[in-house]
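*Asks:* Sequence:
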Amino acid sequence: MDCFALGLKEFILLGYQGHPVLLFSAFLAIYLVILLGNGLIVVVTTLDPALHTPMYFFLRSLSGLEICYTSVTLPKMMANLILGDLSISLIACAAQMFFMLFLGVTECLLLVAMAYDRYLAICQPLHYMTIMSHKVCLGMVVSSFAISLVVHLLQIGFVFSLPFCGPNKIDHFFCDIPPILRLACADLYANELAVYAENILVVVLPFFLIVTSYAHITRTILRMPSGTGRQKAFSTCSSHVTVVCLFYGSATLVYFLPKTPDSVKIDKFLSLFYTVIIPLCNPLIYTLRNREVQAALQRIFNSKWQFKHKGAL
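Heads up, the final residue of the sequence shown is numbered 313 in our numbering, and it's a clean run with no missing numbers.
No wet-lab data here; the hints were simulated from the structure.
For each residue, glycine too, the CB sits at the ideal point set by N, CA and C.
It cannot be assumed that every hint is accurate.
[To be verified] Ranges between beta-carbon positions, derived for each pair: (1) LEU126 x SER87: 51 to 61 Å; (2) ALA194 x ALA95: 40 to 50 Å; (3) LEU222 x ILE91: 46 to 56 Å.
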């Protein structure tokens, strides 16, 4: 018997309650900044030929992914706040969970691709452009999406085949696996085992590959004779390392820590962190200390200004 047979048609997302207008305004401002910041990276890395390199190809893919990732949760959360309707249909809940997991794990795999790119650039510079062709970069991005797609189609089917015969209130702001499993009235051993197995496959293993890449990178950088060279090499990796630590740190705490009565509030806060705050910070992390992106922005601005000025004349 599944949730359809039991007549369950919707869940209630309790989310963040109290001061709905204030919360709506805050989340709307955050959402617009995320769209603007990540959209700007996509536009700049597309328009400026100097940024048509593997590193910026992956950054453009990551920024586009962040826009989609945030759009899965924030619009629904804002609608719930302003309309006061906390319900989400069963099908919409399954779709939201699928896209959250699908895009989140794709981001994990993209971060691995970016770490490999930095490894080749610093540890194998003579072979870098030969190995990291556009075809290879595109293949790595497509493979990230394909692997995540297959894994989570199976995962969603596994979760929503469970019977839900108790309360339908989810103490969360989106449909995530841990709060949904808490509502199931069945033996969850197999499902929880599947979740841990999937997390090891698509979270722990990618993180191990990133750590291994940066171990080789650090060893190569420390062997560089020039202090300026070491500083430049570390600088090219610092933004990526920061994002990896923030994303993996918060996601790992949500999906791997043992569940306690107090973990619901902690999970909700950490989920907000990696679904909203990190996409908000990514453009700042990748642009504030990146001289190439700053120079590209200036070139695009200057060209538009000159074009407008000539048109006015």
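*Asks:* Against this structure, judge whether each hint is valid.
*Replies:* Taking the hints in turn, this is what the structure says about them:
1. LEU126 x SER87: 51 to 61 Å: Distance hint for LEU126, SER87 holds at roughly 59 Å.
2. ALA194 x ALA95: 40 to 50 Å: This hint is violated: roughly 20 Å between Cβ atoms.
3. LEU222 x ILE91: 46 to 56 Å: This hint holds: roughly 53 Å between Cβ atoms.
The structure does not agree with numbered hint 2 stated previously, though it agrees with all others.
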